[in-house]
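Just need the whole structure built from these sequences, with the hints factored in.
Top line first, the protein sequences correspond to chains G and E.
Take the first sequence: its position 103, counted from the start at 1, is 103 in the working numbering, and no numbers get skipped.
Take the second sequence: its position 96, counted from the start at 1, is 96 in the working numbering, and no numbers get skipped.
I should point out that these hints are in silico values taken from the structure, not numbers from a laboratory.
Using N, Cα and C, we set each Cβ at its ideal position, and we do this for glycine too.
Mixed in with the good hints, there may be bad ones.
A short, non-exhaustive set of chain E residues, derived as facing chain G with CB atoms under 8 Å [unchecked claim]:
#, residue
1, P42
2, P43
3, Y51
4, I56
5, C68
6, P83
7, S86
8, L90
9, N104
10, I105
11, G109
12, G111
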Amino acid sequence: GQQVMQIPQYQHVQEGEDFTTYCNSSTTLSNIQWYKQRPGGHPVFLIQLVKSGEVKKQKRLTFQFGEAKKNSSLHITATQTTDVGTYFCAGRLGGGSNYKLTFGKGTLLTVNP
Amino acid sequence: DTEVTQTPKHLVMGMTNKKSLKCEQHMGHRAMYWYKQKAKKPPELMFVYSYEKLSINESVPSRFSPECPNSSLLNLHLHALQPEDSALYLCASSQGPFGQGALNIQYFGAGTRLSVL
Numbered sequence: 001g002q003q004v005m006q007i008p009q010y011q012h013v014q015e016g017e018d019f020t021t022y023c024n025s026s027t028t029l030s031n032i033q034w035y036k037q038r039p040g041g042h043p044v045f046l047i048q049l050v051k052s053g054e055v056k057k058q059k060r061l062t063f064q065f066g067e068a069k070k071n072s073s074l075h076i077t078a079t080q081t082t083d084v085g086t087y088f089c090a091g092r093l094g095g096g097s098n099y100k101l102t103f104g105k106g107t108l109l110t111v112n113p
Numbered sequence: 001d002t003e004v005t006q007t008p009k010h011l012v013m014g015m016t017n018k019k020s021l022k023c024e025q026h027m028g029h030r031a032m033y034w035y036k037q038k039a040k041k042p043p044e045l046m047f048v049y050s051y052e053k054l055s056i057n058e059s060v061p062s063r064f065s066p067e068c069p070n071s072s073l074l075n076l077h078l079h080a081l082q083p084e085d086s087a088l089y090l091c092a093s094s095q096g097p098f099g100q101g102a103l104n105i106q107y108f109g110a111g112t113r114l115s116v117l
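Now the structure itself:
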């Protein structure tokens with residue numbers, strides 16, 4: 001079936017280092033969302049990207065949506081221990097009344113203080 | 001208020017038991033979702049309700065039975081579960097299933113951690 005691939009699966013960094021996770025889809029996405037799930041927690045919405053080539057920033061987090069709307073990335077500058085968790089991208093395939101989000105497998109970020 | 005409330009937080013049940021999971025939101029959202037999440041895996045969609053009608057059933061076994069009594073409530077009835085059904089069950093809601101922008105954002109509850117013995 002249609003999939004959203006996410007890499008890397010795990011990333012361990014020293015506090016202060018940067019971190020990036022990437023998502024790729026074989027088909028065009030109508031939009032892409034990013035969620036963060038802390039250990040033992042539930043997914044929390046971070047951001048949604050809709051437009052081709054869109055870039056959005058939230059403090060130290062930068063989100064990009066590719067020109068072809070098939071890939072996306074999340075970059076964290078100068079990681080902190082509070083950034084620990086699993087980051088999921090979730091793409092909406094197609095348009096119209098498409099309820100379904102297809103989640104990537106997630107990237108688990110651990111930060112060494 | 002962007003809260004989705006799920007009860008109970010934890011549930012242990014035997015394979016012959018019948019139990020129900022509950023989910024409630026008061027954001028006026030018209031789409032509600034059940035997901036299953038195994039450890040270190042992404043959420044897997046089970047069911048979608050839109051305007052209180054079942055819109056998507058992702059080929060979920062009949063031992064899971066969803067119910068949407070009204071626009072704010074979503075239940076998941078469990079019967080004769082298997083140990084492999086042990087997982088975190090997440091409820092989510094979104095403003096609507098159509099269009100772009102804020103309508104699509106899904107708000108997740110804290111989940112029910114289910115153990116089947």
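Hint by hint, here is what the structure shows:
1. Evaluation of the E/P42 hint against chain G yields a held restraint, the C-beta minimum of about 4 Å falling below 8 Å.
2. With a cut of 8 Å, the hint placing E/P43 at the interface with chain G holds, because the nearest CB-to-CB distance is about 6 Å.
3. The interface hint given for E/Y51 is violated, since its Cβ lies 11 Å from the closest Cβ of chain G, which is over the 8 Å cut-off.
4. With a least beta-carbon distance of about 6 Å to chain G, the hint placing E/I56 at the interface is held under the 8 Å criterion.
5. Annotation: interface hint on E/C68 violated; nearest CB of chain G at approximately 14 Å, more than 8 Å.
6. Because the beta carbon of E/P83 sits about 21 Å from the nearest beta carbon in chain G, more than 8 Å, this interface hint is broken.
7. Given the 8 Å rule on beta carbons, the hint for E/S86 is violated: about 16 Å separates it from the nearest Cβ of chain G.
8. Of the supplied interface hints, the one on E/L90 holds, with its beta-carbon coming within about 6 Å of a beta-carbon of chain G, less than 8 Å.
9. With its C-beta approaching chain G no nearer than about 6 Å, E/N104 sits inside the 8 Å limit, and its interface hint holds.
10. Because the closest C-beta pair between E/I105 and chain G is about 5 Å apart, less than 8 Å, the hint holds.
11. A distance limit of 8 Å between C-beta atoms decides the matter here; for E/G109 the minimum to chain G is near 7 Å, and the interface restraint holds.
12. With 8 Å as the threshold, the beta carbon of E/G111 comes within range of chain G, its nearest partner Cβ sitting at about 5 Å, so the hint holds.
Violated hints, in rising order: 3, 5, 6, 7; the structure is consistent with all others.
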